[in-house]
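Trainee: This is what each chain is made of:
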Amino acid sequence: MNINYFILLPVIMPIVFGILLLLFPVKNDRARNIINFIFVLINTAFSFMTFLYWKEESISVVRLFGDFTISFRIDRAACIFGVIVSGLWPFASLYAYGYMAHQERKNTFFSFFTMTYGVVMGIAFAGNLLTMYVFYEMLTLVTFPLVLHPMTKAAVKAAKTYLVYSLGGAAFGLIGLIFMMSIGSVDFVYGGCIDGESAGSMFLLPAFVLAFCGFSVKAAMAPFSGWLIKAAVAPTPVTALLHAVAVVNAGSFACIRLIYYIFGTDVIYGTWAQYFVMSLTIITIVFGSSFAVKERHFKRRLAYSTISNLSYILFAATIMTPLGLTAAFAHMIMHSLTKICSFFCCGIVMEQTGKEYVYQLDGMGKKMRISFVCFTIASLSLIGIPMFCGFQSKWRIGVAAVSDAQPLTIAGLIALLLSALLTAIYMLSIVIRAYFPEMATVKEGADNTEKKAQKKNKNELSSNTDYKEHCVPMLLPVICFAVGIIILGVFWQPVLDFISFIN
Amino acid sequence: MEFIRNFPFFSIMLCMFCAIICSVLRRKAAQYFTLAVLFTVMILSGALLYNTYNDGGSFVYYMGHFPAPWGNEIRGGCLEAIFALFISTVAFLSVLAGGKAIEYDIEDKKENLFFILVCLMTSSLLAMCYTNDLFTGYVFIEINTIAGCGLIMVRQLGKSIVTAVRYMVISMLGSGLFLIGVTLLYTLTGHLLMSNIQESVKELISTGDYGMQLTIVIGLMTVGLAIKAGLFPFHLWIPDAYGQSNVISSSLLSSTVSKGYIFLLIKIYFRTLGLEAIEKSGVLNVCFALGIVAMIMGSVLALNEKSFRRMIAFSSIAQIGYIFMGIGIGTKEAVTAAIFHIFAHGLTKSLLFISSSEFTEGSHSKSIDDLKSLGYKYRYSALCYSIGAFSIVGFPLLGGFISKLLLGGAAIGHGPMQWIALLALAVSTILNAVYFLRTVVYLFIPKEHLEDSNKSATLGDHDRDAEHVENNETEKSEKLLLLPGMHCPRYVIGITALVLLNFLLGLCSGPIIDIIEQGLEVFE
Numbered sequence: 007m008n009i010n011y012f013i014l015l016p017v018i019m020p021i022v023f024g025i026l027l028l029l030f031p032v033k034n035d036r037a038r039n040i041i042n043f044i045f046v047l048i049n050t051a052f053s054f055m056t057f058l059y060w061k062e063e064s065i066s067v068v069r070l071f072g073d074f075t076i077s078f079r080i081d082r083a084a085c086i087f088g089v090i091v092s093g094l095w096p097f098a099s100l101y102a103y104g105y106m107a108h109q110e111r112k113n114t115f116f117s118f119f120t121m122t123y124g125v126v127m128g129i130a131f132a133g134n135l136l137t138m139y140v141f142y143e144m145l146t147l148v149t150f151p152l153v154l155h156p157m158t159k160a161a162v163k164a165a166k167t168y169l170v171y172s173l174g175g176a177a178f179g180l181i182g183l184i185f186m187m188s189i190g191s192v193d194f195v196y197g198g199c200i201d202g203e204s205a206g207s208m209f210l211l212p213a214f215v216l217a218f219c220g221f222s223v224k225a226a227m228a229p230f231s232g233w234l235i236k237a238a239v240a241p242t243p244v245t246a247l248l249h250a251v252a253v254v255n256a257g258s259f260a261c262i263r264l265i266y267y268i269f270g271t272d273v274i275y276g277t278w279a280q281y282f283v284m285s286l287t288i289i290t291i292v293f294g295s296s297f298a299v300k301e302r303h304f305k306r307r308l309a310y311s312t313i314s315n316l317s318y319i320l321f322a323a324t325i326m327t328p329l330g331l332t333a334a335f336a337h338m339i340m341h342s343l344t345k346i347c348s349f350f351c352c353g354i355v356m357e358q359t360g361k362e363y364v365y366q367l368d369g370m371g372k373k374m375r376i377s378f379v380c381f382t383i384a385s386l387s388l389i390g391i392p393m394f395c396g397f398q399s400k401w402r403i404g405v406a407a408v409s410d411a412q413p414l415t416i417a418g419l420i421a422l423l424l425s426a427l428l429t430a431i432y433m434l435s436i437v438i439r440a441y442f443p444e445m446a447t448v449k450e451g452a453d454n455t456e457k458k459a460q461k462k463n464k465n466e467l468s469s470n471t472d473y474k475e476h477c478v479p480m481l482l483p484v485i486c487f488a489v490g491i492i493i494l495g496v497f498w499q500p501v502l503d504f505i506s507f508i509n
Numbered sequence: 395m396e397f398i399r400n401f402p403f404f405s406i407m408l409c410m411f412c413a414i415i416c417s418v419l420r421r422k423a424a425q426y427f428t429l430a431v432l433f434t435v436m437i438l439s440g441a442l443l444y445n446t447y448n449d450g451g452s453f454v455y456y457m458g459h460f461p462a463p464w465g466n467e468i469r470g471g472c473l474e475a476i477f478a479l480f481i482s483t484v485a486f487l488s489v490l491a492g493g494k495a496i497e498y499d500i501e502d503k504k505e506n507l508f509f510i511l512v513c514l515m516t517s518s519l520l521a522m523c524y525t526n527d528l529f530t531g532y533v534f535i536e537i538n539t540i541a542g543c544g545l546i547m548v549r550q551l552g553k554s555i556v557t558a559v560r561y562m563v564i565s566m567l568g569s570g571l572f573l574i575g576v577t578l579l580y581t582l583t584g585h586l587l588m589s590n591i592q593e594s595v596k597e598l599i600s601t602g603d604y605g606m607q608l609t610i611v612i613g614l615m616t617v618g619l620a621i622k623a624g625l626f627p628f629h630l631w632i633p634d635a636y637g638q639s640n641v642i643s644s645s646l647l648s649s650t651v652s653k654g655y656i657f658l659l660i661k662i663y664f665r666t667l668g669l670e671a672i673e674k675s676g677v678l679n680v681c682f683a684l685g686i687v688a689m690i691m692g693s694v695l696a697l698n699e700k701s702f703r704r705m706i707a708f709s710s711i712a713q714i715g716y717i718f719m720g721i722g723i724g725t726k727e728a729v730t731a732a733i734f735h736i737f738a739h740g741l742t743k744s745l746l747f748i749s750s751s752e753f754t755e756g757s758h759s760k761s762i763d764d765l766k767s768l769g770y771k772y773r774y775s776a777l778c779y780s781i782g783a784f785s786i787v788g789f790p791l792l793g794g795f796i797s798k799l800l801l802g803g804a805a806i807g808h809g810p811m812q813w814i815a816l817l818a819l820a821v822s823t824i825l826n827a828v829y830f831l832r833t834v835v836y837l838f839i840p841k842e843h844l845e846d847s848n849k850s851a852t853l854g855d856h857d858r859d860a861e862h863v864e865n866n867e868t869e870k871s872e873k874l875l876l877l878p879g880m881h882c883p884r885y886v887i888g889i890t891a892l893v894l895l896n897f898l899l900g901l902c903s904g905p906i907i908d909i910i911e912q913g914l915e916v917f918e
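The listed protein sequences correspond, in order, to chains A and B.
Sequential numbering from 7 applies to the first sequence in the working numbering.
Sequential numbering from 395 applies to the second sequence in the working numbering.
It should be emphasised that the hints constitute simulated quantities derived from the structure, not laboratory data.
DEER-style ranges, computed between Cβ atoms:
{"#": "1", "chain 1": "B", "residue 1": "551", "chain 2": "A", "residue 2": "160", "range": "37 to 43 Å"}
{"#": "2", "chain 1": "A", "residue 1": "22", "chain 2": "B", "residue 2": "887", "range": "20 to 26 Å"}
{"#": "3", "chain 1": "A", "residue 1": "51", "chain 2": "B", "residue 2": "679", "range": "55 to 61 Å"}
All values reported here derive from a predicted model rather than from experimental measurement.
Cβ atoms here follow ideal geometry from the backbone N, Cα and C, with glycine treated the same way.
The following block holds chain B by itself, in its conformation from the complex (with noise of 0.2 Å):
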């Protein structure tokens, strides 16, 4: 089908006519634009996805029919395309979910401008997962971390702006370094096409010319987007950006941005620079170390911590450890569970946030200690919350197991390593459900009871009557505790279109695993 290799062009653009658009229109229709355009993507990825899997194979597309080194370079294989339907299904739901959220957060006049970020976010997501170009990688990172910053930025509290200089500040560090990693390889090989490098660098190796150079080149890339995706040691920023900003941008910045990066240093990684180069310059084990270390540090961190949005935010860093760990590991199996679980973890990332803004926003507080018996006001979220809650607890059904399962098998096998991923996978399977099961629990507690319990040494008779009271009222929450809450159709669909994705993820995981194995094989 040549028509169909057009859709990856198309849904870049789409997205950067759609940011144009937006800046032009009222409040309310930027936001349905958006929506239809992020909703158009997903179409063309999925359509996309299922002709390359079928097919089997990739195909590199020349924008504007020039090629290299005038015009630029597409690709697209089933890898590509269904990170592109990961990416576009999340904003979409998110935007969808959390959009009612958005109308009172931000000032009227900013709202459409909210929404051209969200657009040019989705595009230079897009376009670092279709690009067969370093450099064009480089140009739509900048643009990522600009729409980055304004989509922290544009809730306009105080603490929010120290957040986005911040935020700011780090990710030029990172693609600074990254700018100097793509300065330093284009000399060495003389290509920018990703394609082109990987002949240069094997040729490389065969002579064995530069070899100090080109430890430095992966070594300067990795941290660049470690820093970017917030691993362990360069996570400063990540709980102040996910805790501070709104719905739509924590559960944004959460999912799909860092895994954006991450997919960058993977495609870097296995298509680039190919395997002969990494595994020589040791750099998997560095990605495999600092993996394990955040998947410990950032539970340990998470557990300490007294806000509800930040604890999530610090769970993000776990997270990414084992997204690390998996590619430290270095095998396809290991990558395969990675990217796994990049989806698996984007997409129960996205639901805790947007599930926990209703809790916070409800109880006008930020503290874990106050979201007591909330569960009982916020039926539907805190149903789903728990779900994502479990999911990345690593219960079974649900996205998380999978991944844990996927990882795990993929580590069996590799000497001392073997080891200490599994019990890292243990440890912190257990710090997981300390921490995210506390605030679960505390969720279904009904308050009156707590207070009871502490009261009811001293209770008089003419207390009586009030118990009794209370206790009716807590009856009639029992009748109400599963419905869901209804106050707003859009929010609801968009939470359980989440968690059945979070169900589609554990319970068939089978054809996902096949598409990114047989995206992998076809990426070199």
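Pulled out of the complex, with its shape left as it was, chain A reads as follows (with noise of 0.2 Å):
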């Protein structure tokens, strides 16, 4: 038995427990919640155990056919990757504990969230782009039943569509899949493992484009993202798992992949390929942030945000430059702590008071206040402002598509500029209502619907309904996060060290 067979134990284990959990069911909530909470800190200790003694040979463990097997092996992008995914992990639990107490199926929900935690794990670790696309499959697998968890017909709706957009895109990722297994070589290799030969294939850059649209299905990127937007039915620590942990990483993680481990930027940098792919993402980054300002709903309206940070962090991967690279991975770490922030504090919002739409939180920062501190720290991250992280990794972006200095990257970094300002807009006028409820009149194309809610706000701001925020579970991932925010927007460098790696 290899000593290396280790890593593969962030990846089983909760799969494993995540299976015995729904063969044994736990009945008393609080016995469960501890066993799973230190059952998710110790798989975070192995993980982060294996960074640190990591050796970049690859393990198999099973051989399909020919020369492809499944195996695993940890470069720096799995490192990074790997982080951010077991570092959110715990609080994400934690905050799962206190947002489902007063939920049904427990069981079911916490084996289906503690099993998505080792299959993230394993598109993390994977070796190869065969494994990837496994694990990748799974991924849809183990998160369907949690959007579908409501069980509501809204819920099942979602379920069905989040299902039919993930496989549809995965069935067209293995069109890349094939291609590659054709020319001989699935591994990851950094500069990717194109031959000079099999380069000159006609079939190489449509491959490459399709595969990359079907990864970017998982990513939100713009055709493709009707899923995310429906899936806001979900449980709020589903969601966040969806957009800030989880899934949409790992749909950006593939395609990063895909452009700089598989094809290779030599392959394909300055085609029109490229340019095909690189423009859908800055379409995206436009369209993104153009409709979650139009979007009213709460957590719809962070839906919107996801897919234009998800669309910053593939454009900054289709630059297809080292900087470039950097410039994702630092996005990437930034946006999920931003996100899963603000998702949190939506969450706690909407679980407490029950409100949903935006016109609705007029005042609500006196009331909830340190939800409200949180987010409005995770919203000045969002846009960008400097001492806080998103300032740092925009900027990364930017130096990118500078440093390149081609049409379509200089057209990105506007579109960058343009999407900062609509991001201060959609983040910031929550914040606005939130603290400065006077300042919220009813506009005059407002709808019955929403003046009859500011109405029934400015009741009850007068009544002092008081509503409780004080649930430790929850707000305690919330605080830190937040603290995250401004340690990672202060002291930067170390991490740009670590994934600056190429250059």
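Build the complex: two chains, separate frames, hints provided.
Mentor: So this is what it looks like as structure tokens:
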């Protein structure tokens, strides 16, 4: 038994744990939460240990056919993604215990929730495209019951949409996989594994575009982003999981792997394929932010914001220079932290007050102080104000775009600035409403429901309805994230050193 | 091993004799006897596979030690052996898992009749697989048709009789065309044995004579067998035949019978007529085009289907399209992929039909809409059904995924074909996902929740208690969610074995692909 097989533990343990929980449900909430949390902590500890002692050698587990194996390997990229996931997971679990306290079918929920952990670690540690594809499909399978969990009609519809989009995307990703298998190598090698002979294949670029579009379905790129909005009906820990930690990151991670580790930037840089995917990401950046401004549902507004921010990552990745890769990872880290923070704040507000729409939030900032302070920090970070970590990553993307200096990257830069402005509008409008309710007057064009809601809000304000927010499992993660955003914003250099390993 | 060469003959004859003996046995005894014989055939085929794979060659066996034209020839190689193993395994597991349901489905007196038909069908499939003689092939096609007809009809509902008659007419048309093809080929070459025909056809091609006639022969045989396999424009008999018949029949018809014809077609293409003649006639392009159309149309038809079992039947049409697409590409990798897909689809489809029978029987309804929340009632079936559905959709670690990879990989490097093939693969995967996973989602939605969410708007205070009780019930059903339904051990063993075989195909496909490749090599 090779000692290196230990890197499989963070992948296998949560899956086994989830299955066991499904087979032997624990009745007592408290007991289950404690067991689950201890387990998640152990798993996180294990993954951090594997990062510390990692060696770049691959471990094959199963040989499917020919030379194609299910194999695992940890490189820098895997490390970054793995740290994001395993670092955020304990907090997400903690929050979920608080949030799910009054919901049903908690056993099923937590078993799939924990399984997702293992599957995402599998995506991070995958040593070749085949393995990543396997875990990518499994991710759809384990997150799908989570979306379905409320079991309402809307949830069923959302779950079906999610399933079809994801599996459909994977079907196109399969084309890329088949193409690479026909070339003979699917291993992740920085710089790609396409040799000179097959680089001339006329099938290369179309295969890349199809595979990129396929994998970007999970990263919610513009024509394929419908599922993310619908999936907002899921419980907040799940949406946070979808948006910030697991699913969308897995999608963009897969795209990064595809560009830098499978096809390689040499053969794609400067071709129509690059321009095509890059323009898609630029369109998505603008599309996501402008729809976020238009959206009035709190959670769905954040969902649109995710769409635009995910395309920041993809845009940085499609610049196809080492700087672009660094920027992509930087934004992935920053966006995970910021988005999970804002989602959790949103979840606290929605869960405790039942308010779902932005126009209902007037004056809430004074009632739910901690949540809205954290939400404000997250907003400022998302806009990209200096001293918050969002600024750092956006700066990296800007540097990468300018240093490449092609017409399209400059267009992307403009889209970035425009989107920052829109971000300020859609995030700060919530903050302003929350803190300065008297400034939010009824617009002339507003419809009846909105007027009514505002009237009701005013009544509530004057009658001093009290909302509790002191649920420790839910508040603690939010505070940690807010502190993390500020710390990362100030002490950014070590992180940057770690991820800019190529320069 | 001289003795092992008798095994193909033994397995065909064992099934034949079993059919005869079944006619005098009591109903229970007939079933157990059939099971025992199918199991023996499974072991015989396994032993033959082991031997031929290690030898690396193939052999010709003279029936009764008379050489042709007096005697009859059987040919055994590892491709034939693995196909026979596949047929006998699926038949054994189908009878094992579905045997209990059959007892309620068929009149008592007809039960041994049913097992006669099962044995006859298995033996004719084995004969089609092993035979080296085209005319013997034709004879067993007819036997198969009659057995298949009986299998559909044995459930004596008005509709199933109509279906059986339709199946009979269409199948007769197919076998008639095949017979004309065989006759013409006999006049052209003067032989009925596959190996002899191949030599003569080679000669004919080199001299350039009878080019048109040869094309007609290929066309007739292809269309005849395609009708019987249910390729797209000839698919009209499929949905009723699979949807109306009982558990074992639909499982056998969908996963072994149509595959037997396809296997015979592969044998004719690559062994009897030779690749040269086939490529010259352009029939491969027709197979490819029809396969692609079937892949898409089968899924589109399934998408619009309201009846559950008919939907699964329509998906068979799409899957047969995959196989024909593989044959149509025509390279060795592609045919390997097609044969692998025969196995993958056969094992998955029988799993789907058997596990779905419990839902349709349990809810007394055939509609997809009535599947809702049945997953909590029939937990184990629902789990197995979901695994089968995921395999069809091409989920990794299951058989369907590997066959998709192989088919796609074989398509690459074939000019414009590769684009069409890969896009069709992707599109049909999406369509498959849409209609199969819809049923999976339905299975796992608790019914009360759907109704609750409608009601909740008007929920009064005194309804709250009722709601609470309902919630308790869901809590209870959640607890039991995945424990196997132990109502009938043989059923559980049967479908568990099918699920495991699916995983086997997905995880250890290497050896199986090796066997198929080696079998194709010694095919000529």
